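Line by line, the protein sequences give chains A and B. Heads up: the first sequence begins at 251 in my numbering, then just goes up one per residue. Heads up: the second sequence begins at 724 in my numbering, then just goes up one per residue.
These are computed hints drawn from the structure, not numbers from a lab. As the structure is a prediction and not an experimental result, all values here were calculated from the model. Yeah, the Cβ is synthetic: ideal placement off N, Cα and C, and Gly gets one too. Careful, some of the hints might be misleading.
Stated by the list, open to error - The calculated EDC-like cross-link candidates involving lysine to aspartate or glutamate, where the alpha carbons are at most 16 Å apart (straight line), are: (1) A:313 - A:368; (2) A:321 - A:283; (3) A:460 - A:284; (4) B:910 - A:330; (5) A:432 - A:384; (6) A:460 - A:477; (7) B:927 - A:344; (8) A:276 - A:468; (9) B:910 - A:329.
To be verified - Derived list of chain A stretches under chain B, where covered just means 3 residues or more per stretch with a C-beta under 8 Å from a C-beta of chain B: (10) 341-349; (11) 353-367; (12) 502-516.
Claimed, not checked - Sample of chain B residues lacking proximity to chain A, with all beta carbon distances greater than 10 Å (derived): (13) 875; (14) 904; (15) 923; (16) 996.
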Amino acid sequence: MASITLDRLAHSYLPNPTSDADFALKEINYNWEDGGAYALLGPSGCGKTTLLNIISGLLVPSKGHIKFDGKDVTHLQPEERNIAQVFQFPVIYDTMTVRENLAFPLINRRVPRETITERVNEMVEILDLGDKADRKARGLTADEKQKISLGRGLVRYDVNAILFDEPLTVIDPHMKWQLRTKLKDLHRQLGHTMIYVTHDQTEALTFADKVVVMYAGEVVQIGTPEELFEEPAHTFVGYFIGSPGMNVLPCNITGRTATVGSTAIDLVQPSPASGENLELGIRPEFVTLTARGSEGIPVRIDAVENIGRFQIVRTNLEGHPVNALLQEGEEIPADAALRFDPARINIYKNSHLVRRGA
Amino acid sequence: MDKPYNNKAWLLVIPVFLLVAISAIIPIMTVVNYSVQDTFGNNQFFWAGTEWFQDVLRSDRFWNSLSRNLLFSFIVLCIEIPLGIAIALTMPRRGIWVPVCLVLMALPLLIPWNVVGTIWQIFGRADIGLLGYALDQMGINYNYASNIFDAWATIILMDVWHWTSLVVLLCYAGLVSIPEAYYQAAKIDGASRWSVFRYIQLPKLRGVLIIAFLLRFMDSFMIYTEPFVLTGGGPGNSTTFMSIDLVKQAVGQFDLGPAAAMSLVYQLMVITISYIFFTVMSNVGVDKPDARVED
């Protein structure tokens, strides 16, 4: 097990990258702590798989270094890095039995026979594959195959980190939940550093202690699920995490007041932000709907969607859509006004969060 | 029980029935007809029973050409299948060389059989052929028309040249369809080049290999045109394969009865051996209970 340091890492698939846009992965500095569970979250094509392949050694970065426990491994082959990777589609060796599949990485490393038997038996137990251990792997279901892929990584005692590349994509919905719980269990039990790539926010937020959100080749925020929810560092994070995503409204700011169109909205304290390209972000959870009166911002209600325990109210504030999340059964006034919780308002300049203290 | 009958439905079956009848049933029945009768021309037929079949199965001529055929198919398969896999493995997966390689590989397959025979007939001649001349100049006494070994070597080389491409193209198609993740996983598992071949590529090639094997077996077992053009079955009878023998008997000697009996035996053998190959190869490396689950 090891900590992983990304030192000014960047990658381009082009031979001579010149501009920023040529980079599939823009410069990133970060330290993944030993034994942590991390998720790389972002839409397709945001560079998360590129980053994962650089860590596993399948790809050599164009710039920067990657270190395991301080040791530079940038140019080492995958098998020399002692990492394990679970791919989107389960990779199993068809002609081998489950047991032989699990033993394969150990045999390749010339581990003594008794140790192999011992480790494989242990792994079969951990993965609950006991009754299928001596069957050919090809006849198993997708989630069992994915467990074998994972097992081939876990069986090695020298693993520095386990990388997951959207491992639940081909798993049936009802098995997804079970397998995710299993992963979480294994992390607690074995304490490997785990890095999990996904575009599914639920998977990322439930699996990881820390989530790395990527957007267009750039790491836009690294934080705990709470931080991502409460203080999205980028409007993309606000939009991508949460359902529905954060409301983002273009605004102007003077002192303690933000103005959207002709509507003034109070802030808790004067914002340091000024100038062009300012936006106000507030999550639908912190928007309340009241009957039109002296307080609140009068709006038009476009639609109400009932999603079970909540209802999403889609309103229109001077041409900008604003969503509010209401409890099930909560009454929706005909002439409605919005109220934003001032403490929950974030201000963005050029899509990046302007911190209040700053 | 009232079951509706509509005899007009037969009309829908008729086209297929006619097609199969003309393309398969009628020709085969004609052969069957010849195989159980004797004829002296003038459309006079005499019942012969199983006489021709007994003759065929007792004749040395039949067994000799059969064993030549089996030996030929065996050698050709032993060379073409491994060679085909090996070439497919070395072909590039992407880049500008892919179409070049594919076209080069497909070229021999586009040449008509008799032209292939002619090409090699000239190629092997000591006076004007490149191969024959080169060997002659190196002091090797090579003559496919008089030396049995040379004749066999040339025919085998010719067949390998003509048909290995088919195995290559099939295997290549199988190889490019293997997802990249398999190779990456193998790399992470520390698998050697041989292990990658043995545990990933070969199992994934199983399907195409069965097809390649069957096609090459059937084709080589029925080979006619190329050796006929090249050696005419000689020297002596050393390259007289079953189909050549059959044509000699039917067209050359006009022994329609024995020839018909022989062609039926021949056809049954091709079907039987292919069926056995297919059954065996489809079941290699498959766990019975698991195979059921999968179906």
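Here's how the hints hold up against the structure:
| no. | hint | result |
| --- | --- | --- |
| 1 | A:313 - A:368 | violated (42 Å) |
| 2 | A:321 - A:283 | holds (14 Å) |
| 3 | A:460 - A:284 | holds (13 Å) |
| 4 | B:910 - A:330 | holds (10 Å) |
| 5 | A:432 - A:384 | violated (22 Å) |
| 6 | A:460 - A:477 | holds (9 Å) |
| 7 | B:927 - A:344 | holds (8 Å) |
| 8 | A:276 - A:468 | holds (5 Å) |
| 9 | B:910 - A:329 | holds (6 Å) |
| 10 | 341-349 | holds (count 5) |
| 11 | 353-367 | holds (count 4) |
| 12 | 502-516 | violated (count 0) |
| 13 | 875 | holds (36 Å) |
| 14 | 904 | violated (4 Å) |
| 15 | 923 | violated (7 Å) |
| 16 | 996 | holds (26 Å) |
Comparing the model with each earlier hint shows violations of hints 1, 5, 12, 14 and 15; every other hint is respected.
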